[in-house]
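Visitor: Here's the letter readout for the chains.
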Amino acid sequence: MTGSPGTTPVAPTDRVSDVIARDEALVDVFVRAAPHFTKLRNRAMRRVMARLITVEQAARTAGIPAEKLVSDLNSALGIVERAADATVSGAGQSEMAKGGALPGPGGPGQPGGEVRDAADVASPTRPAGMRVRELDVREDLRTGNEPFSKIMAAVAALGEDEMLRLRTTFEPVPLFTVLGKRGFVHESEEHGAEDWSVWFWRPVAPAIEGSASGDAAAVRSSDGAGSSASTATTRATDTSSADVSSAAPRGDASTADVSDSRALAVDGITVDDRTIVLDVRGLNPPEPLMRTLTALETLPEGHQLLQINARVPQFLFPMLAERGFACDVDESRADRVLVRIWRPA
Amino acid sequence: MTGAAPATAAQRGPARPPTIPTPGGMTPATNSIRLAGENFAASILYLLAGSAGLVWIAPELAIGAYASPHVAGITHLFTLGWITTTIFGALAQLLPVALGAPIRSTRVGHASFFTFAPGVGFFAAGVAASSWVLQHIGIGLITVGIILEVANIAASLPRAKNRDVTWGAVTIAISFLASTLVLGVILLHNLHSGFIANARLITLAAHLHVALVGWVLVMIVGVSHRLLPMFLLAHGADTRWTRRALALLATGVLALATGLVTRLAPAVWLGAVLIDCGIAAFIWQAYSFYRVRVRRKLDVGMRFAMTAVVFLAIAAALGSALLVLGPMHARLATMYITVGLLGGIVLYVVGFFYKIVPLLAWTARFRGRMGKGPVPTVAQLYSAKVAYVQLGVMTLGVVLLAGGIGTGIVHVTRCGAVLFLAGVVLFISQIARVAFGGRS
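Residue numbers (the numbering used here), protein chains in the order written: chain A, 1 to 345; chain B, 1001 to 1440.
Don't take every hint at face value.
[Claimed, not checked] Between beta-carbon pairs, the in silico distance windows are:
hint, chain 1, residue 1, chain 2, residue 2, range
1, B, K1161, A, E187, 47 to 57 Å
2, B, V1185, A, A153, 55 to 65 Å
3, A, A334, B, R1296, 22 to 32 Å
4, A, G129, B, A1432, 48 to 58 Å
5, B, R1433, A, R32, 39 to 49 Å
6, B, R1163, A, E189, 55 to 65 Å
7, B, G1392, A, R32, 33 to 43 Å
8, A, N42, B, R1296, 19 to 29 Å
9, B, K1161, A, G159, 37 to 47 Å
10, A, E297, B, R1296, 40 to 50 Å
11, A, E187, B, R1163, 50 to 60 Å
[Unchecked claim] Keeping only pairs whose Cα atoms sit at most 25 Å apart, straight-line, the calculated SDA-like set for lysine to any residue is:
hint, chain 1, residue 1, chain 2, residue 2
12, B, K1297, A, D273
13, B, K1372, A, L299
14, B, K1385, A, R22
15, B, K1385, A, E24
16, B, K1385, A, A44
17, B, K1372, A, A44
18, B, K1385, A, A326
19, B, K1297, B, K1372
20, B, K1297, A, T8
21, B, K1161, A, Q314
22, B, K1297, B, Y1388
[Stated by the list, open to error] Calculated from the model, a selection of chain A residues having no Cβ within reach of chain B, i.e. all distances over 12 Å:
hint, residue
23, A34
24, T38
25, G63
26, E322
27, D335
In case anyone wonders, no lab produced these hints; they're calculated from the structure. All residues carry an ideal CB built from backbone N, CA and C; glycine is no exception.
Build the full structure now, drawing on both the sequences and the hints.
Guide: Dropping the structure here:
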């Protein structure tokens, strides 16, 4: 095991792939922490999954404390942690920590990868009467193909009265963050080892609540119009330029942590409950463009998107015009540009 | 753009409408992509021709014959064909993105391209083959092309909303481009008339430095000020070093050129010191950006740029040594130019090519599908592994070229040239894949 006290400590928001890239022997630390991580020894599995999930999220899926996992990893690297570095956002942990497993053992998946209609078992929490579209990505996951694009395409194709049933080999916690910000709620169920179903649907009367955790991106019914600034905010802190099609703000528990109004106030922006804020300052081109257009595809009627950028997105403007959006630009501050985008009446 | 914003929206600060696309679907951005594309395509062909020419002139490089017609011809394939054509193409995209001002006229841009690009071929062939006709056809076309481009850029700059350090760099650089052209015409006329007699070599030195430092390096410094933070996600770095670098390089090259032409040694020394300080300031600025980058893992484009910066530092040291030891050390002079041009500038431009061209190709190809379904990533348009091999091969090529020239061994020099050419072939295969292949 390599590493020196001078090395940057592993943080809860680090992606598992980045952590393992520092020292492959850290796989052993994961496996020791929870047997569910055994499949991290499989390179194909690691290639697909490890870069989609943060240490904190991985700990959550394995049902172990994130602080301990981070601490173990840093110890293995020979890093003495400072208390502040080990802080883990606890928001939303309890509601999601229900025994999910990063690649866990299980039976074979059905041939899949394509969206199809499916009959579904009723659930007290899922809305009745919605058409269920099923996407099975288990085989993709086992063969090392990243299914994110398929999932996002399936989500994009969902009608208002449709829900997506996703079959996976593990509980896709990072996906909850991504789709939560698009107004989807979810419910997950473990059928057996390496066999999960997760349903995503849009609530009938969405009032997208800003929440302290993107994982808790559950859309809650508005309990009083205008009672609070309810804003869904995406702060995309992922910096990968190599994975544009994986436009998810993966690995960023931080993603969700700025969705509260306090963070927005710090940035000097006032928004209302019909504004979706997309912060793309931490992204490499062309991800800001991708994410903005993706967000606009699901922009609810009467809402507007407020993009926070580090520069004026010149390439975006003609594409907005082609797609029938209007926008204006605020460059009043040197450290950021605000682009407000809406669908003209 | 039009349309009423939702009435409930609120935000602080004044707003302004963005660039409005032209009717018919041809936006300034898409039109400038075409302009950039044709420049990039031509520049790649010239890079290939220049690299093949390196193999041919390796024996002359090994003996330090930097002023031979063959070497001069091949050098122009790199300086005009690869570097300048690439800059012309990049400016079509950079001006709107970095300065908020689209290029004044894309028609003039195309006219410039269709005169300048063929002109480079004629001129380089004419110089290498000592053909009076080709030289004059070439210089005529180049002159028209440069005048059109300089006028076009000069007309665009006043419309720029952001008159920052990048704006200043572009302004300074195009002034030096015009000066380079004047010195080049003087040198060409001297080839036939001999009117500057013994001043030929010092005029050549002035021409070379005004071109490489005043035009190319100043442009690189200014553009990097915008693009390095963008590509590295390096926000919050101390950016004052760009301004210092530009001031030092611009005054330095002026002092050096004036000193050379007037044979005023103190001015030459002062110019050399200022240029070295300018390069040091640029390197420090680049280091500052790399140091504060958010994403720790560097992609291949940024590794090319980093490697080039190292070669630039080596070239600066070789230039200082040349000044101390004297211009009679022809092999040292040749090594200095080779490392600076091929290692410092060509590799830097290749690195930015890897960042800009796939991004433009991706944007052009997938603009209609973005956000509506899966699209490949920019990185999937080319092979990172091949790019890394290319970086290794080209770096080794420059090292062997410099080593071969330094030791006077032809075989080592030629070996370096062959490796450099191999790297360029890999590069072209990558760009072809970006342009025509990849997942769709």
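Visitor: Go through the numbered hints given earlier and state which of them the structure violates, listing their numbers in rising order.
Guide: When the structure is compared with the hints, numbers 10, 12, 17, 18, 19, 26 and 27 turn out to be violated.
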